[in-house]
Structure formats: structure tokens, C-alpha cells
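Student: Protein chains in written order, with our numbering: chain A, 1 to 517; chain B, 1 to 517.
Any given hint could turn out to be false.
So the derived label-pair ranges between C-beta atoms look like this [to be verified]:
#1 B/136 <-> A/445: 35 to 45 Å
#2 A/146 <-> B/486: 33 to 43 Å
#3 A/488 <-> B/341: 45 to 55 Å
#4 B/486 <-> A/461: 30 to 40 Å
#5 B/85 <-> A/108: 48 to 58 Å
#6 B/510 <-> A/444: 54 to 64 Å
#7 A/506 <-> B/317: 47 to 57 Å
#8 A/467 <-> B/510: 40 to 50 Å
#9 A/502 <-> B/144: 56 to 66 Å
#10 A/71 <-> B/438: 24 to 34 Å
#11 B/341 <-> A/80: 55 to 65 Å
Hints listed in this document are in silico derivations from the structure and should not be mistaken for laboratory results. A virtual CB, placed ideally from N, CA and C, is assigned to each residue, including glycine.
2 protein chains.
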Amino acid sequence: MSEPQVTERRSRRGGGRDARRQLRSGGGGSASAPFITRGIPPVDILSDEATEIIETNAESILEEIGIDFRDDVEALDILRNVGCDVKGERVHFPRGLARQLCATAPASFTQHARNPARSVEIGGNRTVFAPVYGPPFVRDLEGERRYATMDDFCSFVKLVFMHPGFHHSGGTVCEPVDLPVTKRHLEMIYAHQRLSDKPYMGSVTAPSRAQDTVDMSKILFGDEFVANNTVCVSLINANSPMTWDDTMLGALKVYARNNQAVITAPFILAGAMSPVSVAGTLAQTLAEAMSGIAFTQLVRPGAPVVFGSFASSMSMQTGAPTFGTPEPAKVLLGCAKLARRLGVPFRSGGSLTAAKTADAQAAYESANTIMPTVQGGVNFVLHAGGWMEGGLVADYAKLLLDADQLSMMQNMVNGIDVSENGQAMDALRETGPGKHFLGSSHTQANFETAFWRSDMADNTTFEQWSSEGAVESHQRARTKAAQMLDAYEAPPLDPSINDGLRDFIGKRMEALPDSEF
Amino acid sequence: MSEPQVTERRSRRGGGRDARRQLRSGGGGSASAPFITRGIPPVDILSDEATEIIETNAESILEEIGIDFRDDVEALDILRNVGCDVKGERVHFPRGLARQLCATAPASFTQHARNPARSVEIGGNRTVFAPVYGPPFVRDLEGERRYATMDDFCSFVKLVFMHPGFHHSGGTVCEPVDLPVTKRHLEMIYAHQRLSDKPYMGSVTAPSRAQDTVDMSKILFGDEFVANNTVCVSLINANSPMTWDDTMLGALKVYARNNQAVITAPFILAGAMSPVSVAGTLAQTLAEAMSGIAFTQLVRPGAPVVFGSFASSMSMQTGAPTFGTPEPAKVLLGCAKLARRLGVPFRSGGSLTAAKTADAQAAYESANTIMPTVQGGVNFVLHAGGWMEGGLVADYAKLLLDADQLSMMQNMVNGIDVSENGQAMDALRETGPGKHFLGSSHTQANFETAFWRSDMADNTTFEQWSSEGAVESHQRARTKAAQMLDAYEAPPLDPSINDGLRDFIGKRMEALPDSEF
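Okay, chain A solo, but in the shape it has when bound (with noise of 0.2 Å):
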């Protein structure tokens, strides 16, 4: 498997201690880690007995309640050829046969970027972390809340790019309602491409649109290229309750069929579009992951997929959905353990939020998606930074606010470290009772790496605080992501490369009509 050639060079940002200062103040470079590799085991909360209700409840949901696979009669034949009993639309699958489909599925695959040190490995003991994704509002530098413009998606697109807590350049960062649906499709993808190295997923709001992301890509990466590997990776949610569109399953079948990789993805207001417990969404989550990753490997077998899981809660007085409580969390954990046994990667969390501004709530809420989803070993994280009310807004703010949180993330799953220097017994007899450590030699040959530092906390008094303006962490965070922009620099494209991509964007404005669907 070859490396795609598409940078002019590396990245002139280094390794050492350089690197990581600017790493450090968000100024991006090629020194990060592409992703999260684990040290130490997922947290497990659901006991093998449990797991194995569950498992039965989901062969259950498959073949006697059934999946309904909607306006694809392609799809119906290819279901029923193997053995599935259709009624209608309605699809059931024998028990056994849908996982032992599933067996196909890799279970992890290399996601591509057009700069090789930024690919990424999706599976195993891996945690990608994206921005997020589909909100049609901003909250913007000035703290306004507006339409999200094609501007707001390429300044998103940047940060992502610059912040090392970022791996993946993510999907619809916003919507750029300011461009006609038919078209921003190949806007955003273009984005994507040229001002970020990072990866990147594709437009599965048709068939079309998904056959265009492919096509831009093979010119990006080169056709052979694509031909033998997974370049972009794309989001197809389920209608939950078990059933699953023409519009996603028709995005499915171009992208498996070109070896890209797809997330089918229950998207679960539990409470509405599941009952009212986790064990119930556990089951029905896994019946309908099954259920799409059968199709997937059905359509081409070894296709790269990821089990998805989106679940909120839902309050039961208002009907408002709800992020950062326990049951969700519960789902998050349950699921990860689910498609482990599964033997595909997975899916899930972020850092979710139903708060207006960043205050306390929306920081609380997030950290409480974000951290069982490191805990649960999620290998894909979308919405992992940005996200605000409940997914309708992208905030600037606190796209930076997370993404420091990210970058911890790594140390946190880490393990710790009993080598003889970590284990520091030179320190202690160095020093003894009553004396300090700082100036030990074991502390001078570790302090630089030795504790995670946040680029966003004020550690500082309160009179010095105070003295400096008194300023509020989200509105630090505003005033980075304003001089991240204005230090921002473009990752290099070869200019042919560039002018293919623009040639192909003109003919499809052209081709497509201006309209709203």
C-alpha cells in the first residue's frame, strides 16, 4: 500500500522543543500524534451476562420485529438473496445472520490523508477525534449567534486544522446556508481539501453528492489511490426507530462500493426513538448496527464500516433532549462494548451540550460525554469540540474550549508509567522529609513533559486575573481563535492538483440546479 504523494513537502514545523511550544498555543504542525493510542483497557460497565441479554435481544429485534429498508428495492433484493424474510419493506433477518455478515468488516482500517503523518487508524485500541458537525447557526467571534456562512466553514476548518487536539478535519462543520443545497455540497468537500491536510468525510445528502466526494477525491489522492484505499470516511444515520432510508442506504452503496469507509449510525433521542432504558436502546442500538453493517458488507464485502451510536436522552417533562446525564453515558459505554464483540470499530460521543452560551452547563455536559467516551475507547469521535444546543449551533469559542480538552486526552488514557524513572525513587531519597522537590534531578529531567498543561485555564491569583481584565474563559477562547486565524497558513497543494479540483467544482455548478433540496 502506497503513501499518497500530494504535499510539496512536510509541514515546515519540525519535531523538539519548538514544535511543541507552538503545539502547545494551538499553532498546529506536524509534530502531534495523528491519534489517541490507548495504554490501558476501555472502562466496562455491562457484565458479560448482561452483554449477552442484550445480544439475544438484538437477534430477537431482527427477526421477529424486523428492519425496515425504505423506496430501495436494490437493497430488498440484496437482503432477501441471503436469506432475509421481506415483507414489504420490512426485513427480516434470521436469527445469527446478520452478525455472521458482519464478520467481513475489518476491525480497524487506515483512514487516508493527503499528508501521510495525519492518517488516521480507525479500530482497536485507537480514539480519532473530530469537530462538529451539521449546525446551521454560528455563535460567532463576537459572541452573536447567526447563519452559519461558507466563511464560518472554511475559518472552522482552519482552526481544526491548526489545533493538535483535532485529528480529523471532520464533515459538515457547519452548514453554509449562504450556498444553494445542490451545490455547497462541493464547497465544503474543496474546504476540506485544500485548506486542511487532515482527513476528511464525505456529503451523504444523496447519492450524488457522495459520488462527487469520491470523484474529488480520486482527483486529491489519485484514482489508483483511491482504488486501493479508504480516503474518506461518511456519516449514514438510521431513522430510528429500525429503519433506514433510501437517501442514506443510496449514500452507502456508492461509498462501500468505492471502498470508503461509512458510519451507520442510530441516531437515538431515547426516551422517543427508543424506549425509555438503556437496555432497551442497547438492544434495539445493536439490531440496527448489525442490521447496516450486514448491508454494507453485503454490498462489498471487507468494506471498511464503523458502528455507530448517537444517543441523548430525553426529558421527560418537556421533551427536550438532553446531553451530559448518565444514561447516555450508560448507552456510550454499553455500545462500545457491544461492537468490541461486534469486532468493528465504533462511533460515538463528543462533547455535547444543550447550553446557549459556554458557561458552566455546557462545560459540565461536555465533559461528561467526552470523558466516557475516552474512558469507553470510542474510536471515532464526532461533535468531539464545537458543539452547542444541542448540535443547532457551532460555537468558536467553544471549538477551542474542547479542543484543549482533547489534547489531554491522550495522557489521560496513557496508563501510568512504572518505569524506574516514573516510578521517582531517586527523587524521594534525594529530598526526604520536610524538603521540596523542585530542584531534585529527577524534577529537572522531567518537569517540561512531565504534567499536561491546558492552553485555555487561568492558573493564576486572582489579583493577577483581576489586573489582567478579569477575563472569562470563553472569551479567552474567542480572542485565540481570532489570532489563530490571522496566524493561519494554508498546508501546501500541488497547483495542478488545485486547478483539477476547481474544474471539476465549475462543471458541477454548472451541471446542478440552484434549489433548496
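Here the structure of chain A is known, so what remains is to put chain B in place on it, guided by the hints.
Tutor: Structure of chain B alone, referenced to chain A:
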């Protein structure tokens, strides 16, 4: 073991739906569980091999480096008599001796509250939340930062009494600097005894103040009850590294001799007071804790004692303590395992932050501490709410924001219900593909208790939130704190007991000088 008979009647707030509603609104009442009981095992990030390395290193510290017991001849005699090698004030424990002496410490004990329904179990699979301890400043209901007063102290005790998130009234919830140091402990203990019926902590700033705590507890609970039961728990901090001073040893001896509980708590700013590594900090903490617990057991075998750990990591750039970072979380999870293996209850954690206001930084950092605290199975959690600015400030708003998070934690460690009702297969069969679950019989039967619900989060739409004044979470918390204080009613107390307490305080006030040490 009889229960104390000091409440005139049970709280007028009984069980049922009304009580639950009141609890949700922070209205207090005895229907809340008096502590958290885990349904799932604690998170463990320390391999058995690594654990043994650290335990071996702790023995080496105790044997080779030694622990200083300063200005306490009696303590040195006690330790010499059991075979320690005492050189000056430095005590060397023969390998294995300290661990052996710890064996008489109970694995779990009951701390009685004057309201028996509020008594707490400290140890095993239980978690008890107590508020912030020690700040000389408050951030008040108007958002102003100023020195704390006795009025503030009483307000914090009232709020902690009323909020079901807290199980314990704590100790020095703030320092009432308007009272002389020599006398303020009397009013602090009385406030806990009179304004709350949750269990409380004792004074440790002098052996005589520890004795006052015991004497006042005897008035409240009766001499015989206190002789036979534990009614207070007190915080005995080591002067890390590896040093105990006479003030702390003196208070420890008073409490242990009276069968009252102490927490032997190394207070560590890693990098300064311990090596700049997790494994080194763990070994030192274990050595310090074992030396303190062993000494407690020599004073009175079987006396209740808690393995304490408070670890923050220092910014190696500025010297400032930092919170919510990975290393202290690892120390916490590691120490929790070391304490379980030692067979004693464990204290650590809290809702810790260096932030100056209850902004996103405050919430991220607090969540990053309280989540590992709960996951690690910490038994006694000081600073579980209200802590700001590295412990310099007790914040009214944050007290309630944190408490809201605490009220989620029982649910978080319940585990996943796989009963027939939890599995919800009937709901799945009744609903089927493409429908919603809102009207299903299962939802109707479970919606009231199905999902944890925050009291402080705003989950409404942006439009509704805006029309209601766009109030951020810290301001909502301030408003609620003021409402709660308006609605406060003291728990009933036998007037003769109250008179006895006031008589004692009056006599002690006369006997003690006014001074600031």
C-alpha cells in the same frame, strides 16, 4: 448499637411524589438516599504488577527514608515501642510493619448523624459527598468576592443541608474570619449541629479544639452514644513530604482515643511536595497514609480511620497548582486501589478548579475531578461542591452547580438494569419500525423515573431561553441559592440540648483568649 434520640420528629417531608418533587428543586427532605451505593465495580487503571511495584516502593520509603513525627515525644515513644527505628524525629518502619499495624483499622464504619436517616457508611462500595473545606473568601450571592463571615458559614451549612446532592455537612465550609481564631471553631461546630442534621466534621487546628468537638458531640448525642459510636470525622493533613506535625498528631490522638474518625490525608502539590511523576506520588502517598493509619491504630486499635489523598499537579512553568488535569486523576484512581488493598476507606477528589468564576474552565476542571472520584469508588469526598480558585474561595453559585452534578452520581454508578422492565422488549414489539415510543405502555409506566434530570441545566430552545432573559448557569444558581435560603427551615432540635450546647460555648468563650492563632 442504639440510634441517637435527639430529633423530636422525622422530617415532615415524607416519601412519595411530593417528596421527589421537593428533592428535585433542592428542597431537601429525608427521602433522599443518605449516601451512594455502587452497583458496578470501581474503575481500575493500575495493573496488579504496577500496584506491587508501588507497594514495594512505599515500604522502601517507610524503611529506608523514614517519616518525620515532629515535636511529639509521645508519638515517637509509641512508635519506638512497636519496633520502629527512631533517629531523632525520623521514624523508620521495618518493612511490612506499618501495613501490619493498619490491619486493625475497620474496612468500613458508620458515622452517625443526629437524624438517624442521615447517618452515613464510610467505606466499601459507598460514596459520601461533603462540601468545600477551608476557604477564607466567598463569592457571594451578588457575585462579589470578599472575606467569609460566620453568616456565610451558616448559609453554606443551610444550603448543604437542603440539597440532596450532599450527604454530609462538612467542616470548615469557609473560614469565618469575623470571629477570633481561638473561638470560631465553637460556632462552626454549633452551626453544623444546629442548622443541619447531616453528619459533620470536627476541628483539628489544636488538640483542645478537637476536645471541644468531642465534648459538644457528647452534648448533642449523649455521652454513652459517643463512647460507643463514631459521630465525627476530621481531617488530619500530613506536611508532605513525609512529615507529621504536633498540631495534627495532637488532634489525631484526641479523636482516635475517643473512637472518632480521622482522615490521614497527605496534601500534595505534585512536583513540589512529591516527585514529578504519578508512580512516585503514589508510593509517597501510600507511605504517608500507612504511617498515619498505623499510628492511629497504635493510639487505639480499631479506631476508624480513612486513607486520604489530595493531589494537584503544579504548573512547572509558573508554580501554580492546576486542577482537572490527567495526572491527579491517575493518582486518585491509583490511590483508590491501594486503599482497597490496604482494606481501609478512602478519601479523595472533589469538584476542584483554579478558575476565578463559575465559567467553563471551572466546570471542565471540576467535572474532570469529580468523575474519576466517583468512578474510582472514593468513599469520602471532601470539596465535592463550592470549591473555587484552588480552594481560596467558597462560591455560592458553584456550590449548587456542583451539587446538581452530585445528585446525578448515584444513577451513574447504578449499573445497567437488565430486568425484564429494563430490557423493554415489550416496548420494542409494541412500537416497531418508524414509530415513536412516547405512547407505549412501557414509557407510560417508566417515564417519571427513567432519566436523571438536572435542576440547573437549561434545556429549552434558544428562543425561550432568550425570552426569559438569556440567563447563564452561574446566575441561575445564584438565584436558586437565594430562594433556598429564604425557604430554609431548621431541623428540629430538643431545646434542652440546644441550651446545653450554648452553655458549653459560653463557658469556653469566657475561658479562651481572643487571638489570631
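Student: Evaluate each hint against the coordinates.
Tutor: A quick look at each hint next to the structure:
no. : hint                        : verdict
1   : B/136 <-> A/445: 35 to 45 Å : 37 Å, holds
2   : A/146 <-> B/486: 33 to 43 Å : 39 Å, holds
3   : A/488 <-> B/341: 45 to 55 Å : 52 Å, holds
4   : B/486 <-> A/461: 30 to 40 Å : 34 Å, holds
5   : B/85 <-> A/108: 48 to 58 Å  : 55 Å, holds
6   : B/510 <-> A/444: 54 to 64 Å : 56 Å, holds
7   : A/506 <-> B/317: 47 to 57 Å : 50 Å, holds
8   : A/467 <-> B/510: 40 to 50 Å : 45 Å, holds
9   : A/502 <-> B/144: 56 to 66 Å : 58 Å, holds
10  : A/71 <-> B/438: 24 to 34 Å  : 25 Å, holds
11  : B/341 <-> A/80: 55 to 65 Å  : 58 Å, holds
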